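Trainee: Position in the sequence shown (from 1) plus 68 gives the number in the working numbering.
Hints are supplied without guarantee of correctness; some may be wrong.
DSBU-like cross-link-like pairs, simulated, lysine-lysine; straight-line CA separation at most 30 Å [unchecked claim]:
(1) K159 - K171
(2) K160 - K171
(3) K178 - K168
(4) K146 - K178
(5) K93 - K171
(6) K146 - K93
(7) K93 - K168
(8) K178 - K93
(9) K178 - K159
(10) K160 - K93
(11) K146 - K159
(12) K178 - K160
(13) K146 - K168
(14) K159 - K93
Between beta-carbon pairs, the in silico distance windows are [said to hold, decoys possible]:
(15) Q174 - E78: 43 to 51 Å
(16) Q175 - L149: 19 to 27 Å
(17) Q174 - N136: 44 to 52 Å
(18) F177 - T137: 36 to 44 Å
(19) Y173 - V145: 25 to 33 Å
(20) A111 - G162: 41 to 49 Å
(21) L155 - A187: 25 to 33 Å
Hints were generated in silico from the structure; no laboratory data involved.
For clarity, every value in this text was computed on a predicted model and none was experimentally measured.
Quick reminder that beta carbons are idealized off the backbone N, C-alpha and C, glycines included.
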Amino acid sequence: MSNYQSPANEFQSPQVAFKFSINGKDNEMPSGLDHQLAAVPRAGGAALETPVIVFGQRYVDATPVPANTYLAPNTAVKIRLDMRLVLAAFKKQGYYTTFKGEKLYQQDFKHVFVAGGTAPLSLGFRQPGEQARA
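Build out the structure end to end from the sequences listed, making use of the hints.
Mentor: Here's what the structure looks like:
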């Protein structure tokens, strides 16, 4: 057992890049087009919460990040997602077509994940045939 805390964690950028993932695959937007959240304290101590983000439509938080501001440990964030376009495609045609042109059939839809580059998020998308990770 150790109580070691990495000093690198003290200087994490509050700019959090993330994307949504259906069934653990990289299928929301092309590589490099990630959602961007400025995870800095809000005026009046408001809880950190994204607006409703539509699956497949990039969100970039315009909140300014003051110099020498870092991601606070255990920052809680509520991420809000709108899947209505995907669900409507399932209802209308039985499948949703991803940005890659791949068809995701309604019966194959299992989970939506949030993937990102800031711990505890990971951009480790699964490969074809690999089981999804929680």
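Trainee: List, from low to high, the hint numbers that the structure doesn't satisfy.
Mentor: none
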